[in-house]
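Undergrad: So the chains spell out like this:
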Amino acid sequence: MKKPQDLKPDTLSLHAGQRPDKEHGARATPIYQSSSFVFEDTESAAGIFNVERTGHVYSRITNPTNAVLEERISALEGAIGSIATSSGQAALHLAIATIVDTGQHVVASNCLYGGSHNLLEYTLPRFGIETSFVDFRDLDAVKDAIKGNTRLVFGETLGNPGLDVMDIQQISDLAHDNGIPLLVDSTFTTPHLMKPINYGADLIFHSATKFLSGHGVVIGGLLVDSGNFIWDQNDNFPQLSKPYKGFHDMVFTEEFGPAAFINRARKEGARDFGACMSPHTAFLILQGVETLGLRMDRHVLATREIVNFLSQHKAVSSVSYPELESHPDHELAKKILPNGCGAVFTFELKGGKKAGQNFIENLNIFSHLANVGDSKSLVIHPSSTTHHRMDEDALKKAGISEGTVRLSVGLEDIEDLKDDLDTGLRSALKTS
Amino acid sequence: MHIFSGTRGLQGDTNPIVFIHGTGMDHTVWTLFARYFLRHGRDVISVDLPGHGKSKGPLLDSIESLSSNLLNYLDSRNINKFSVVGHSMGSLIALEAASTQPERVNSLVMIGTALPMAVSDALLDLAKRNDPGAIDILTFMGYSNNARIGNNKNPGMWMTEGTRRLMQRSSKDVIFKDLMACSNYVDGLEKAKNVSANTLLILGENDYLTPRHRAKDLINNFKSVRVKEIKNSGHTLMVENPNLVLDYLSEIL
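Quick note, the sequences are listed as chains A and B, same order. Take any residue in the first sequence, count from 1 to its spot, add 1344: that is its number in the working numbering. Take any residue in the second sequence, count from 1 to its spot, add 14: that is its number in the working numbering.
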């Protein structure tokens, strides 16, 4: 029997979640810039509020433009549903706050984006949620870190900034053996390079500000639910498996089955925390998602050339990119990231901090700023910026030194980028 | 048998509504509709068929035995009369119940249905081997071309993956036994003649699993029947067009 052919990612990037507008025939997704939506009548209003009818009420909870983005990312990830949030940080917070309570615990990779590290290390303890940071390459350490009150394991597909490749299958197996889910930050890889759900991730989040958008004009996030985790397999998640007073004693696992998590996150987290995405932002992210495959392929192509260029440059002591045999996760990357390891990587300059400063200050095309995943090429010095709150020991564990420079390779002409880097590197050499 | 009856439970409604899911599904496919009738004071019995969802086995492999099991359960709850709504395989179970005990069934609603409900040998073979390809085919054919692109009425949810995930939760052999039950139910057309309940069929214009033209003989065999066809929709009507399905249900129930 012929295998059914689901739509391919490049088609989904352009179409998923949207049909031409029935009122005016608009082919592009309209921006429904409206805080609220008129009910047909009092009965249907009551029906929507009571989750009998589908429809939009208030844009903090759902919005038709946001819904297209949510559906499109769900389609690309092979997930059952998503929630668009005001930022990637908001998506991470929504994931944690939905299933982790005071007195409970998270096991996280020690190679996280600085913002995620801040939330887990400094802010969530104020609310009684503690995190153990572990080297995810050390599976025994991950196993040992999981305690009776651990409710979530969390890491990044490609750790920041050393590009540690997470062995999602192994880590998810460990989490599942302990009856808890795995949350994965897939910002650096996007569904074009890897679908974490295929390797056992239960929840995913994206900073949509980065590659999903590509244009660098908005801040946004997405929380994605695979629908795979069985939330009532144990008593770890009463938020989902026991009556919720905040919604007429609804038991989410009983009423929504595989969609329990995403429904609770929307009906509680989106409603009460309110970190929603603007419909205009959703529209702009959709413009980026339309060309995701094309852009990611070009990002990877350019990155490979630049990695090769830097590897041979006399001002550079080392380059960290998983496609290089010297990277500790090279074999794993070949297996789970065959289409490329993204466009963000680090390298070490000879000459330390001063060389780093000279390098950055003499670049003309690469922009010095705290972001990645833009179509424009970007550069930053992590130890003095994104990771400046980490002490020396934590920096070392995250693979960051004073000479570490992070690049996010954009879509400019590759020769222009190499020339620009060469100019910076020559200045750095003069320092050393 | 595990049932969903809301937080209010059963309160002695003289015409409770029994919802029966289809192949590899469970009671959660009826959540929106169950919530509507519960709010309007009706008793709802949304079942997990044996071996499905939270109901324990053993799996039953004929529509007749599934119907008989359901009727026995209703007896055990002292429910004499009821209305029944079924989707796909569930619609056949509903028909069987309304045919064998017509005096007990006030209204019968069959959604996404056809008779005979033939299943190809190739699909049965995949299901027999518990090959995930069977779920892929059922998911793919369970939706209209339109729905495969999305634009879900339920914001932010990707329809096909939701259905796939529910079926993936099925225990071993569930899909095969369900499909066999559908395929072997050959007396349904005759049984339709015994039905005395108010009967409604809700069909999808682009249903590839149970194409609407295959419901023609069934329609002709009922003494009286209403038919609602939903445009641009496939087999999984409760997901593709939930509000319209609810409108039709609320008219007859």
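Worth flagging that the hints you see were computed from the coordinates, not collected in a lab. Hints are not guaranteed to be accurate.
As the list claims (entries may be wrong) - 25 Å max Cα-Cα, derived DSS-like pairs, lysine-lysine:
#	chain 1	residue 1	chain 2	residue 2
1	A	K1586	A	K1658
2	A	K1366	B	K95
3	B	K68	A	K1347
4	A	K1774	A	K1658
5	A	K1352	B	K167
6	A	K1611	B	K167
7	A	K1586	B	K242
8	A	K1366	B	K68
Undergrad: For every hint, state whether the structure bears it out.
TA: A quick look at each hint next to the structure:
Straight-line distance between C-alpha atoms of K1586 (chain A) and K1658 (chain A) comes to about 62 Å, which puts the hinted pair past the 25 Å bound. Taken as a hint, the K1366 (chain A) and K95 (chain B) pair is broken in the structure, with Cα atoms around 43 Å apart against an allowance of 25 Å. A threshold of 25 Å between alpha carbons decides the hint, and for K68 (chain B) with K1347 (chain A) the separation of about 30 Å lies outside it, so the pair is violated. Distance restraint check for K1774 (chain A) and K1658 (chain A): the Cα-Cα separation of roughly 12 Å lies within the 25 Å cut-off, and the hinted pair is therefore satisfied.
Of the pairs offered as hints, the one joining K1352 (chain A) and K167 (chain B) holds, with about 22 Å between alpha carbons and a cut-off of 25 Å not exceeded. Taken as a hint, the K1611 (chain A) and K167 (chain B) pair is honoured in the structure, with Cα atoms around 17 Å apart against an allowance of 25 Å. Distance check on the hinted pair: K1586 (chain A) and K242 (chain B) sit about 38 Å apart at the alpha-carbon level, beyond 25 Å; violated. Under the criterion of a C-alpha separation no larger than 25 Å, the hint pairing K1366 (chain A) with K68 (chain B) is inconsistent with the structure, at around 40 Å.
Of the numbered hints given earlier, the model fails hints 1, 2, 3, 7 and 8; all others are met.
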